[in-house]
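Engineer: Sequence:
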Amino acid sequence: MKNIKEHIKQNQFKPVYLLYGSEAYLKKLYKDKLKTAILAGEDDMNFSYFEGKGIDLSKVIDVANTLPFFSDRRLVIIENSGLFKSQSDLADFIKIVPSTTHFIFVESEVDKRNRLYKAIKDIGTISEMNRMDEANLKLWIASLLDKDKKKITGDAVVYLLSKTGTDMENIQNEVEKLCCYALERDIITTDDIEAVCTTQIAGKIFQMVDAIGSRKQKQALELYYDLLALKEKPMSILFLITRQFNILIQVKDLAGLGYNNTVISQKTSLMPFTISKYISQGKNFPMDTLKEALQSCIDIEEQIKTGRLIDKIGVELLIIKYSATG
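Residues in the sequence shown are numbered consecutively from 1, following the UniProt record's numbering.
Just so you know, not all the hints are guaranteed correct.
Stated by the list, open to error - If you anchor each label on the Cβ, the simulated ranges turn out as follows:
| hint | residue 1 | residue 2 | range |
| --- | --- | --- | --- |
| 1 | T36 | Q295 | 50 to 60 Å |
| 2 | G52 | Q303 | 33 to 43 Å |
| 3 | L228 | M287 | 24 to 34 Å |
| 4 | K321 | E169 | 33 to 43 Å |
| 5 | A195 | N11 | 39 to 49 Å |
| 6 | K95 | D167 | 32 to 42 Å |
| 7 | N246 | D62 | 47 to 57 Å |
| 8 | K33 | D288 | 51 to 61 Å |
What the hints assert, rightly or not - Straight line, CA to CA, 25 Å or less: simulated PhoX-like cross-link-like pairs of lysine-lysine:
| hint | residue 1 | residue 2 |
| --- | --- | --- |
| 9 | K147 | K5 |
| 10 | K252 | K321 |
| 11 | K5 | K27 |
| 12 | K177 | K163 |
| 13 | K147 | K59 |
| 14 | K53 | K118 |
| 15 | K151 | K138 |
| 16 | K321 | K305 |
| 17 | K28 | K138 |
| 18 | K252 | K216 |
| 19 | K28 | K163 |
Please keep in mind that the hints were generated in silico from the structure rather than gathered at the bench. Keep in mind that this is a model prediction, so the values were computed, not measured. Ideal Cβ positions, reconstructed from N, Cα and C, are used throughout, including at glycine.
Make a model of the complete structure from these sequences and hints.
Structural biologist: And the structure:
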């Protein structure tokens, strides 16, 4: 990303850019920055966009070979093409692309052994854009708030992340809501976050499993019905419950072996600020119960997929079973 910023600053660009990784916000941000800079803010007369698998590469090559109209540069953006997981004639073409044409590829995943990837590595710039770690997310949130001359306490930023998750676009939306809500105040508090920020589905699943472990059956079922009302599919909810039990097993096992939160975070690829919450939640479940619940999730999924159980009822039965008292 530093290289891209420098290219924009100097107004000197590589023939090809590849932006890939799991953080959609960063990919869009730098794609848009490059587009604006390369086209010098002009209209889309010298801009072509291709998306999805099955792109007609002959059209791409024809466009790329066309000289820009009343401009110094032509830009071609190709997104979610799957070209970095298969062989492509573009691997040879980009080596001889006209100097007036620039490419930007935007992908989620790439195979670094791919010929196109290797070709771009030789003549262009490759930037991997994955989810930020906790420390950088906190700094980024602080920078967003600083633009509105606001600050946030340490406890509040941790609470905000627990509500929003790590998706940067979602965080930005919630920060904008907070700034509007606390318009006349300088400090964002946990009360502000509680008042206006939306808990993402993963957060609701955490609350649901918390209620299950605390044997609060009514609360657990209400959370389930809330998710259904939000048009979440029962199978998606089951997947996340399964994931939650799996995480609890891993964290409980590692904590039992004496590992600290930092090491547990590294071994599980979970955000450090979530570990204490998982450890606390895991205390509500004996390890045998967690393993049994995980197996029940797998069994219910199989019964649903084979038509022996209705999805909505299957998840409901799972919640009832493990939230029952006594």
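Engineer: For a quick check of understanding: which of the numbered hints are violated here, in increasing order?
Structural biologist: 13
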